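The task is simple: from the sequences and hints, build the whole structure.
In case you want the letters, here they are:
There are 2 protein chains.
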Amino acid sequence: MTNTSATLEHLIEQFAKLPGIGKKTAYRLAYHVLQAPVDSARSLADAIIAVKEKIRFCSVCFNVTDDDPCPICRSTDRDTSLVCVVEEPHDVLAFERAGTYRGVYHVLGGVFSPLDGIGPDELKIGELVKRVKDDGINEVIIATNPTAEGETTAVYLAKILRPLGVSVSRIARGLPMGGDVEYADANTVLRALEGRTEI
Amino acid sequence: MTNTSATLEHLIEQFAKLPGIGKKTAYRLAYHVLQAPVDSARSLADAIIAVKEKIRFCSVCFNVTDDDPCPICRSTDRDTSLVCVVEEPHDVLAFERAGTYRGVYHVLGGVFSPLDGIGPDELKIGELVKRVKDDGINEVIIATNPTAEGETTAVYLAKILRPLGVSVSRIARGLPMGGDVEYADANTVLRALEGRTEI
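For the record, the sequence lines run as chains A and B.
Oh and the first sequence: position 192 is 191 in numbering that gives the first Met the number 0, straight run, nothing missing.
Oh and the second sequence: position 119 is 118 in numbering that gives the first Met the number 0, straight run, nothing missing.
The set of hints was computed from the structure by calculation and includes no laboratory data.
Because the structure is a prediction, the values reported are computed rather than measured.
Careful, some of the hints might be misleading.
What the hints assert, rightly or not - Quick look at which bits of chain B chain A covers, simulated, 3 or more residues with Cβ under 8 Å:
#1 66-78
#2 82-90
#3 124-131
#4 159-166
#5 175-188
Idealized CB from N, CA, C, for every residue including glycine.
Take a look at the structure:
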């Protein structure tokens, strides 16, 4: 049995297509839109369209941006000799939130994933090599996720970047702050041991 | 620190206004829209607008509908002498999914909530009384939620409807099917005992 309104049913289906939104949550969201003032519904719809129409990728670092180059690449305040390589635009945000990093970024647009047909050519790796060769970069920090795919990509990047005479490092993997050794998985504990530093 | 794209940041804020959507989920949804094909983003935006533009309330039962009266009130297949009173349009859906109910509905649009300033005048109670008086209704089933507010509303409705010579009943409250006595709260167990039926 469906709703008495096909229009409402359609919105529920659209919401249910979003990641992590099940049928029940989609219902709740659709009913919220139904009961919300028309202005706030229109704001949401407009914001969705604007994202598709206005956002582009920075031609330098491939982060998402309204203006090309992005504010970080344009900034005179950043150390352009230091590049942090991340998988996705939201990873940039995580580093910016942390607040202390003053270098620039390079967004790969993913990591190696043979099953999905994603290899070096599908990622912004050629562009990274070009930046390292041409833009006076001294150090590359590889900040792909500590997953199997992220590690593989990191090893590959280190192999092709090191011969270019640049320092290549990998972000530390270990216990998260506020974490608990007791509940950490074996791999994390292993990494935390390997990466220990003198105090 | 915000995103490098104000447009993206704005969409995140819009998503975060939806009920049950926190900042992190809003990020994920916004990035999904960013990476989704333009068509699917437009479908979502259009569906949001359509809900505000096309949906109205049924002038008989106050359920949401694309056409007035709603398909249930228009149907010649339903017993119009039996009315099930619910809080919200999604409650109608729950009964329709259950499948056996052949009467019609009346959507109150909420329940008494003095703190929010919701009393009899804010709900479709006058309209319900009018239906009971004019439309040949024999039985009213009160299916407001078994919450403090829902129970108060149910008691009030029974008090004003019974003098009109109509049979008034309340849906059963007890252990949910598949539930477990051990984990049921005391109130539910009490209701299940009170509402016991001979087998």
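Against the structure, the hints come out as follows:
Residues of the segment 66-78 of chain B lying with their CB closer than 8 Å to a CB of chain A number 3, which satisfies the three-residue condition for coverage. Residue count for the segment 82-90 of chain B with a Cβ under 8 Å from a Cβ of chain A: 3. That meets the three needed, and the coverage hint holds. Judged by the Cβ-Cβ criterion of 8 Å, the segment 124-131 of chain B is not covered by chain A as claimed, because only 0 of its residues qualify and three are needed. Figure legend: the segment 159-166 of chain B, annotated as covered by chain A; annotation inconsistent (0 residues with Cβ-Cβ distances under 8 Å, at least 3 required).
With a cut-off of 8 Å between beta carbons, the segment 175-188 of chain B has 0 residues touching chain A; three or more are needed, and the interface restraint is violated.
The structure shown violates the earlier hints numbered 3, 4 and 5.
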